[in-house]
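Sequence lines, in order, name chains D and G. Just so we're on the same page, our numbering is the position in the first sequence counted from 1, plus 12. Just so we're on the same page, our numbering is the position in the second sequence counted from 1, plus 12.
The set of hints was computed from the structure by calculation and includes no laboratory data.
No copy is singled out in the list; a pair is fine if it fits within one copy or between any two copies.
Once the Cα atoms are required to be at most 25 angstroms apart in a straight line, the calculated SDA-like pairs of lysine to any residue come out as:
| # | residue 1 | residue 2 |
| --- | --- | --- |
| 1 | Lys183 | Asp248 |
| 2 | Lys14 | Ala158 |
| 3 | Lys212 | Thr308 |
| 4 | Lys183 | Leu301 |
| 5 | Lys183 | Cys306 |
| 6 | Lys221 | Val277 |
| 7 | Lys37 | Glu181 |
| 8 | Lys183 | Leu161 |
| 9 | Lys183 | Pro291 |
| 10 | Lys155 | Asp107 |
| 11 | Lys183 | Arg31 |
| 12 | Lys183 | Arg281 |
| 13 | Lys183 | Asn302 |
| 14 | Lys183 | Glu297 |
| 15 | Lys183 | Asp279 |
| 16 | Lys14 | Glu181 |
| 17 | Lys183 | Ala35 |
| 18 | Lys37 | Asp180 |
| 19 | Lys41 | Arg281 |
| 20 | Lys37 | Asp107 |
No experiment lies behind these values; they were computed from the predicted model shown.
There are 2 protein chains.
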Amino acid sequence: MKQIAILGSTGSIGRNTLRVVEALKGDFKVAALGAGTSVALLAEQITQFQPRVVAVADETCAELLEKELHQRGYTNTPHIGIGVEGLCEVAVCEDVEIVIGAVVGALGLLPTYRALEAGRRVALANKETLVIAGELMTRAAEKSGAELLPVDSEHNALHQCLRGETHDEVKRLILTASGGPFRTASLDVIENATPAQALKHPTWRMGDKITIDSATMMNKGLEVIEARWLFNRTADEIGIVVHPQSVVHSMIELVDGSIIAQLGVTDMRHAIQYALTYPARLSSELPALNLATCGTLEFHEPDTERFPCIALAYQALRTGGTMPAVLNAANEVAVAAFLEERIKFGQIPRLIQAACEAHTPQPVNNLETVLAADQWARHWVLEKIPLAVGSSQ
Amino acid sequence: MKQIAILGSTGSIGRNTLRVVEALKGDFKVAALGAGTSVALLAEQITQFQPRVVAVADETCAELLEKELHQRGYTNTPHIGIGVEGLCEVAVCEDVEIVIGAVVGALGLLPTYRALEAGRRVALANKETLVIAGELMTRAAEKSGAELLPVDSEHNALHQCLRGETHDEVKRLILTASGGPFRTASLDVIENATPAQALKHPTWRMGDKITIDSATMMNKGLEVIEARWLFNRTADEIGIVVHPQSVVHSMIELVDGSIIAQLGVTDMRHAIQYALTYPARLSSELPALNLATCGTLEFHEPDTERFPCIALAYQALRTGGTMPAVLNAANEVAVAAFLEERIKFGQIPRLIQAACEAHTPQPVNNLETVLAADQWARHWVLEKIPLAVGSSQ
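Assemble the whole structure, with the sequences as input and the hints as a guide.
Structure representation (structure tokens):
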């Protein structure tokens with residue numbers, strides 16, 4: 013029985029991971045759970061899975077959690093860590109073999125790094141970790157021998173496609189993109205889109221932040237950067253194709269012109285189970301894809317004019333150093349501001365571009381450098397936001 | 013430089029193999045060429061590739077060939093073998109590592125068997141060999157350590173999809189079928205289709221026999237039987253999905269619900285090159301697939317009512333023994349009769365079914381048994397053909 017730890021257990025990926033663990037009863041033991049402020053749900057997870065170590069956002073949450081557990085008559089109270097330090101305790105919890113990295117945003121950076129340093133297999137659903145600090149993470153993994161396995165469906169698909177191939181015989185990775193809710197929308201409609209419109213993702217149900225990233229297609233831009241580190245590829249070796257049905261999760265093109273694709277239903281549990289059981293594949297009761305009933309599949313070139321975030325991400329990847337961290341932080345702040353209706357949808361890419369242009373990229377030799385760039389970009393964009401309302405430039 | 017031999021060098025696969033060898037200049041040397049009656053083309057191939065051994069259909073062809081070579085001023089005359097014996101000489105030609113098995117029909121059986129016995133890698137494009145004598149062929153390959161690599165696009169795709177997977181973790185092979193020219197035709201239109209209509213294949217350009225098999229969908233039925241032997245699967249583990257665009261060449265379904273597919277352009281040279289260079293993949297100048305320009309992809313369940321050959325093939329596979337040989341022989345004779353306009357298109361499956369029903373299957377322990385069943389079925393169907401004209405039952 014393999015012990016696992018989940019960073020972000022109350023989020024979408026975290027909850028699905030626990031469903032997978034439950035379905036594979038007996039194969040995995042949940043040793044540690046890291047959450048934020050969703051104390052009631054965490055308490056429920058604790059009583060069901062009985063971890064030894066947990067983490068919550070702050071002292072107040074910790075007190076609330078203790079009270080919740082007491083009210084439920086649960087006496088096997090775990091060690092409760094606080095904040096990022098608490099998440100790090102979850103990440104390196106003793107005897108854990110697999111850490112699921114599913115904390116949204118830059119918060120997942122340090123705990124993931126600690127898990128990789130400690131040689132744990134990290135099943136990574138947090139895109140930002142590799143976008144911000146891909147070089148540091150992959151270096152840490154190499155040093156300790158840790159495996160880094162992708163949980164988001166596109167990279168997980170690439171990982172599956174690459175199983176039988178050698179590095180030199182793969183010409184290109186091709187990430188599929190649903191195109192989001194504005195795939196066929198005009199520039200003008202996109203410019204003035206509301207949060208309600210942007211949150212209507214056509215095929216996947218995910219968290220708000222990722223859903224907005226899908227609407228701007230920054231999601232795909234971030235995935236290009238992530239793929240660069242996961243699979244050791246250059247920007248030129250990573251392409252994007254728009255595929256509205258999200259049935260083909262991603263593809264690889266081989267040097268001989270052959271394309272290998274991974275297809276499946278849009279259920280994150282498939283990718284989660286794959287990352288947990290790799291290199292084995294276990295039978296699952298999850299719904300399987302029936303191609304004969306899934307209708308027609310379409311593929312288009314992405315439109316970088318209506319979706320400038322794609323080009324911004326490629327540019328940041330090519331610039332390298334701290335630039336992807338700035339791209340990511342600027343995006344996080346801009347998306348949050350959009351969700352709070354403080355900026356227009358069309359201002360998200362313009363704010364990111366402005367932040368990248370204002371930034372002087374530094375080489376990345378330690379976490380402090382990227383965290384400083386991250387902080388710089390957050391402040392820079394936050395300062396610009398009051399001015400941005402109503403402006404179209 | 014690897015030496016290769018081609019059984020069926022003047023046919024569609026043979027000619028494409030020589031184009032691949034030419035494109036990969038320096039990697040492969042053509043040591044032997046086996047043909048039938050296309051003497052002029054064979055002479056041209058001989059002057060270009062300078063094989064040591066060749067084969068033609070009979071003495072008359074051999075004399076014609078010598079005359080052709082003499083007229084061309086070619087003095088490096090190869091050894092010329094005759095008929096099946098000649099093809100067997102091509103198959104076991106000394107120092108050859110790879111034999112391309114591309115003779116159409118049951119004629120390829122013995123030479124392929126000899127190549128496998130001799131431990132040669134066989135790149136097999138002749139479906140009938142495995143349909144008739146799959147058990148014997150795979151047993152011979154196991155004994156000598158010979159590799160059996162599929163060249164037709166569907167099985168080649170399956171081979172590519174299976175590269176990174178273990179046998180027990182693959183749930184099902186899914187062969188894609190274009191559906192042929194009568195995919196959307198009514199039973200009545202199919203019943204009375206002319207050779208000209210049946211030869212209009214929507215996506216692949218192939219020989220006449222295979223094109224008619226595609227129109228009846230017997231092609232796919234034969235491929236199911238072929239897949240059974242190539243990949244050691246039961247009939248239940250092999251499915252068919254109709255995919256009119258022929259962009260996805262085939263797929264596998266894993267036990268965890270994931271599907272891996274191989275996609276490419278409809279050019280046989282891809283599969284031929286793969287079988288020659290495996291396990292390596294070499295760069296190729298062949299056209300690559302551009303998904304963004306290939307339109308929409310559709311998938312449907314096959315209709316076994318309008319295409320009864322599919323069910324006949326599954327039934328023959330499940331019965332086993334000599335039954336698939338009878339299915340194949342009956343099909344060859346019926347297709348030839350149809351092309352000669354001696355029977356209606358709709359009578360092809362009825363003749364095959366009648367032959368299978370009239371046959372008492374025997375276990376297959378040697379080539380003689382299957383060849384006897386093959387001969388029995390050919391005579392049985394030929395005898396029925398005069399009676400079949402104009403009948404609808």
